[in-house]
Amino acid sequence: GEQVEQRPPHLSVREGDSAVIICTYTDPNSYYFFWYKQEPGAGLQLLMKVFSSTEINEGQGFTVLLNKKDKQLSLNLTAAHPGDSAVYFCAETSGGNYKPTFGKGTSLVVHP
Amino acid sequence: GGIITQTPKFLIGQEGQKLTLKCQQNFNHDTMYWYRQDSGKGLRLIYYSITENDLQKGDLSEGYDASREKKSSFSLTVTSAQKNEMAVFLCASSIRDTYAEQFFGPGTRLTVL
Chain A
1 GEQVEQRPPH LSVREGDSAV IICTYTDPNS YYFFWYKQEP GAGLQLLMKV FSSTEINEGQ
61 GFTVLLNKKD KQLSLNLTAA HPGDSAVYFC AETSGGNYKP TFGKGTSLVV HP
Chain B
1 GGIITQTPKF LIGQEGQKLT LKCQQNFNHD TMYWYRQDSG KGLRLIYYSI TENDLQKGDL
61 SEGYDASREK KSSFSLTVTS AQKNEMAVFL CASSIRDTYA EQFFGPGTRL TVL
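Residue numbers (the numbering used here), protein chains in the order written: chain A, 1 to 112; chain B, 1 to 113.
It is worth saying that the hints were derived from the structure and are not from the lab. All residues carry an ideal CB built from backbone N, CA and C; glycine is no exception. Check the hints yourself; a few may be wrong.
To be verified - In the DSS-like style, the derived pairs of lysine-lysine whose C-alpha atoms are separated by at most 25 Å in a straight line are:
#1 K41/B x K37/A
#2 K99/A x K41/B
#3 K37/A x K9/B
#4 K104/A x K57/B
#5 K99/A x K83/B
Claimed, not checked - Pairwise CB distance ranges (calculated):
#6 N29/A x D65/B: 26 to 36 Å
#7 V109/A x Q14/B: 32 to 42 Å
#8 V109/A x M86/B: 20 to 30 Å
#9 T26/A x G40/B: 15 to 25 Å
Claimed, not checked - Partial list, computed: chain A residues near chain B (C-beta under 10 Å):
#10 Q45
#11 K49
#12 K99
#13 F102
Okay, chain A solo, but in the shape it has when bound:
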């Protein structure tokens, strides 16, 4: 089946540094992409949903880039702070079924 490779699995940065998480997908029909954040003891919370026609999306303190040519989706936290410490998941769907494909997650720790 289709796969999403997410890297790195673990990431440790200092407060104020940037943190980049990259997902590489295989399905050429992938059309919708998602970034979720999971804080300790909680479920996943949607950070951003992007469409294949939009390449750059900016949220509060982060930027999502979609490189369709290389089939890569990235999440860039521009100036990380300790509250960003969490596990981040990417997901994608072609829209052909109700089964989005998730990456395996990146555990981010931001040190004060």
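Mind docking chain B on chain A? Use the hints.
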């Protein structure tokens, strides 16, 4: 806004026991999901239900049963708990659209002694 409630929050079972996890949502969403989360393995889909009277197997359905009692509730049963099993089970819901984002509950943490 809405909320997804999962009960119990923690579940401790014995090997071979049948265990039931419950999920309720008040988003009025048509579609509901059960995922298993193991450390380092991401999320694996166990069962999903597109509408109230629907039930579909996911990639990890063996060893589990599911039941969509009504639009707002979706239960998962571990048919025979495996010794030393530890995992988090996440329930999610969405509107009835294959492009839709999912809303997740806080999870049920299972430990089998």
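Against the structure, the hints come out as follows:
| no. | hint | result |
| --- | --- | --- |
| 1 | K41/B x K37/A | holds, 16 Å |
| 2 | K99/A x K41/B | holds, 16 Å |
| 3 | K37/A x K9/B | holds, 20 Å |
| 4 | K104/A x K57/B | holds, 21 Å |
| 5 | K99/A x K83/B | violated, 29 Å |
| 6 | N29/A x D65/B: 26 to 36 Å | holds, 32 Å |
| 7 | V109/A x Q14/B: 32 to 42 Å | holds, 36 Å |
| 8 | V109/A x M86/B: 20 to 30 Å | holds, 22 Å |
| 9 | T26/A x G40/B: 15 to 25 Å | holds, 20 Å |
| 10 | Q45 | holds, 7 Å |
| 11 | K49 | holds, 5 Å |
| 12 | K99 | holds, 6 Å |
| 13 | F102 | holds, 5 Å |
Figure legend: structure checked against the earlier numbered hints; the only hint not met is number 5.
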